[in-house]
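Novice: Use these hints to put chain B onto chain A, whose structure you have.
Taken in order, these protein sequences are the chains called A and B. 694 is the number of the first residue of the first sequence in my numbering; add one for each residue after it. 694 is the number of the first residue of the second sequence in my numbering; add one for each residue after it.
Just so you know, not all the hints are guaranteed correct.
Copies of the same chain look alike in the list, so a pair counts if it works inside one copy or between any two.
Unchecked claim - EDC-like, lysine to aspartate or glutamate: derived pairs with alpha carbons at most 20 angstroms apart:
#1 K894 with D922
#2 K995 with D944
#3 K713 with E975
#4 K808 with E946
#5 K713 with E887
#6 K840 with D919
#7 K713 with E982
#8 K808 with E951
#9 K894 with D999
#10 K757 with E870
#11 K757 with E983
#12 K840 with E997
#13 K808 with D944
Rather than coming from a laboratory, the hints here were simulated on the basis of the structure.
Number of protein chains: 2
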Amino acid sequence: MTLRVAVLPNSTTYLDAVLKSADAAVTSLDDAQALVWTSSDQTGFPSSLPANVEWVQLKSAGVKPWIDSGRIDSQRTWTSAVGAYSADVAEHAVALLLGCLRQFTLHARANTWLKEHTWGTVRSLRGRTVAIVGAGSIGRSMIPLLKAHGAEVIAVNRSGREVEGAERTVTSRDLDEALAAADDAVLAGASTDETQRLIGKEQLAALGSDPRDGSPGVLINIARGDLVDTAALTDALHRRIIGGAGLDVFDPEPLPAEDPLWGMDNVLITPHVANPQNRMLENFASLVEENLRRYASGRTLKAEIDLHRSY
Amino acid sequence: MTLRVAVLPNSTTYLDAVLKSADAAVTSLDDAQALVWTSSDQTGFPSSLPANVEWVQLKSAGVKPWIDSGRIDSQRTWTSAVGAYSADVAEHAVALLLGCLRQFTLHARANTWLKEHTWGTVRSLRGRTVAIVGAGSIGRSMIPLLKAHGAEVIAVNRSGREVEGAERTVTSRDLDEALAAADDAVLAGASTDETQRLIGKEQLAALGSDPRDGSPGVLINIARGDLVDTAALTDALHRRIIGGAGLDVFDPEPLPAEDPLWGMDNVLITPHVANPQNRMLENFASLVEENLRRYASGRTLKAEIDLHRSY
Chain A
694 MTLRVAVLPN
704 STTYLDAVLK
714 SADAAVTSLD
724 DAQALVWTSS
734 DQTGFPSSLP
744 ANVEWVQLKS
754 AGVKPWIDSG
764 RIDSQRTWTS
774 AVGAYSADVA
784 EHAVALLLGC
794 LRQFTLHARA
804 NTWLKEHTWG
814 TVRSLRGRTV
824 AIVGAGSIGR
834 SMIPLLKAHG
844 AEVIAVNRSG
854 REVEGAERTV
864 TSRDLDEALA
874 AADDAVLAGA
884 STDETQRLIG
894 KEQLAALGSD
904 PRDGSPGVLI
914 NIARGDLVDT
924 AALTDALHRR
934 IIGGAGLDVF
944 DPEPLPAEDP
954 LWGMDNVLIT
964 PHVANPQNRM
974 LENFASLVEE
984 NLRRYASGRT
994 LKAEIDLHRS
1004 Y
Chain B
694 MTLRVAVLPN
704 STTYLDAVLK
714 SADAAVTSLD
724 DAQALVWTSS
734 DQTGFPSSLP
744 ANVEWVQLKS
754 AGVKPWIDSG
764 RIDSQRTWTS
774 AVGAYSADVA
784 EHAVALLLGC
794 LRQFTLHARA
804 NTWLKEHTWG
814 TVRSLRGRTV
824 AIVGAGSIGR
834 SMIPLLKAHG
844 AEVIAVNRSG
854 REVEGAERTV
864 TSRDLDEALA
874 AADDAVLAGA
884 STDETQRLIG
894 KEQLAALGSD
904 PRDGSPGVLI
914 NIARGDLVDT
924 AALTDALHRR
934 IIGGAGLDVF
944 DPEPLPAEDP
954 LWGMDNVLIT
964 PHVANPQNRM
974 LENFASLVEE
984 NLRRYASGRT
994 LKAEIDLHRS
1004 Y
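Looking at chain A on its own, in the form it has when it is part of the complex (with noise of 0.2 angstroms):
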């Protein structure tokens, strides 16, 4: 049988491809069983779906905002985007993490031969312990790599069920203890109610404790901005008590232009970009496909939202 599906508020290449090769029939809203939602926010989202869309996929992994806005009801199911893109992340996660240790904000900026000032401050990946936080979809997909790169990884999560490939496993109580005992950490846990600013002055302070070498432990963030209390972590950075944060998120988004993490030399600055467009266009089309399968044969779909988690 054809299912009947609507792409709001445009298809893609990628996109039309998955659709056709399902054989699925592009229809109005009014016809459709699936909705396709191809954009990361909720502006022209219908304001009320008709009975017959009995499921909507959209194309956000953190669907926090959406949840807030009361638009995700539970007259049908709904799809999130978790898990789809989780590799490009937890690889930009590894290239910021190794950006820091390696100092090339520094080295970027620089218009003169630095090896006097950084030969002996440069750190290697090798031999460190990387703490987790939120080890969900990304932050799995980040162990491999980082035991390739001979780290170590304590992993963070809600329930300290252990995590496949970390050294240990710690509760969301123990974070504070992680902090200490890891060199750094990588923030890759969903923005819930819960996890508003995790990280303040008291973790960092944790973090930077007991420096390998003099030189304390790095922050990266590739989750959500709000996880992190910015205030609190521009002192830290300004004061050294930390050694460098590698950033692709923050609060508010677009990061301001007078903001001063913009001129520290400790600090990696990507633009929310962890995840690729032309890798997200991709990724969410071999979702869809996926999902447009599971959906025909009446099996469970990936990615659906519960409510109760808000992710």
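Specialist: Positioned in the frame of chain A, the structure of chain B alone reads:
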């Protein structure tokens, strides 16, 4: 029997610990069986060595300048440090490659939000093919890293003998074909008479051909500056024939302040720091420890210099 070792021009705490644990006696050159030379260059090296010195351990991995100057004679065994620093240098090569693909130079120099400009142009290493030119110790150390990152490897070496982990290995005669087939390339070979200016205009054109998603490949050099025709590289970067370059080594070094490479936003420059200083001292001491053990038991030393191969 106690080994008699001269350490010149000066020791380190790492070496002191190693000599002590090996029960070696630190002696003057006239009494020594072995000389450990702790400087990377030849300044101050004894103009002639007494016959009692049976073995000289150098600190450098690349010993072309030592061979060119005629220092290295055939009256005793000479060992280099080739291999001792490979893991850290391989890590730096991957960091530079990720940094170029993720446009860290442009981002590190920005003081405003560039997302509109760079979200469509940042690239992921996953799925790319990387040519490793000179699959010696550093090149081989890179392979598990690149594979963990989801990249494929074409190894290029003199013999064409299969390199473990590479999808395929070709001889240096097929260098241009390998560069054309790969997305990116990492130079990891020794500087020898045969490899001077190995990468010139034609090789850069091959590397830049058949770009994936309209973005031509990246060149990484963590080996020696003289493997590359710098003028041709600068031109290829300027004309965007290749997508970018991550460079830790230059010809000459230091890279002169007036060099145009400093100003390019598709170039990531580090000042010959791939092998961080503290790690170098630690890894060199480990090599000395291993070679003292081998010397004491009459076994073949690690990294014996072969004058016929000039590395």
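Novice: Given a CA cutoff of 20 angstroms, do K840 and E997 count as a within-copy pair, a between-copy pair, both, or neither?
Specialist: neither (30 angstroms within a copy, 31 angstroms between copies)
Novice: Given a CA cutoff of 20 angstroms, do K713 and E975 count as a within-copy pair, a between-copy pair, both, or neither?
Specialist: Result: close within a single copy only, 15 angstroms intra versus 59 angstroms inter.
Novice: As a check of your reading, is K757 near E870 (CA-CA no more than 20 angstroms) within one copy, between copies, both or neither?
Specialist: Classified as neither; 28 angstroms inside a copy, 49 angstroms across copies.
Novice: Up to 20 angstroms between alpha-carbons, please classify K713 paired with E982: within, between, both or neither.
Specialist: within (10 angstroms within a copy, 64 angstroms between copies)
Novice: If the cutoff is 20 angstroms on CA atoms, where do K894 and D999 land: within, between, both or neither? Let me know, please.
Specialist: neither (31 angstroms within a copy, 56 angstroms between copies)
Novice: Checking an output row: K840 and D919, CA cutoff 20 angstroms. Within, between, both or neither?
Specialist: neither (28 angstroms within a copy, 33 angstroms between copies)
Novice: Pop the pair K808 and D944 into one bin, within, between, both or neither, using alpha-carbon distances up to 20 angstroms.
Specialist: between (35 angstroms within a copy, 15 angstroms between copies)
Novice: Could you place K713 and E887 in one of the four classes (within, between, both, neither) given a Cα distance threshold of 20 angstroms?
Specialist: neither (41 angstroms within a copy, 54 angstroms between copies)
Novice: My question is about K894 and D922: at a cut-off of 20 angstroms on alpha-carbon distance, are they close within one copy, between copies, both, or neither?
Specialist: Classified as within; 8 angstroms inside a copy, 50 angstroms across copies.
Novice: First find the shortest C-alpha distance between K995 and D944 inside one copy, then the shortest across copies, and answer within, between, both or neither for a cut-off of 20 angstroms.
Specialist: neither (29 angstroms within a copy, 53 angstroms between copies)
Novice: Given identical chains, is K808 near E946, meaning Cα to Cα at most 20 angstroms, within a copy, between copies, both, or neither?
Specialist: between (35 angstroms within a copy, 10 angstroms between copies)
Novice: Should K808 paired with E951 be assigned to within, between, both, or neither, using CA atoms and 20 angstroms as the limit?
Specialist: between (31 angstroms within a copy, 17 angstroms between copies)
The structure does not agree with the numbered hints 2, 5, 6, 9, 10, 11, 12 stated previously, though it agrees with the rest.
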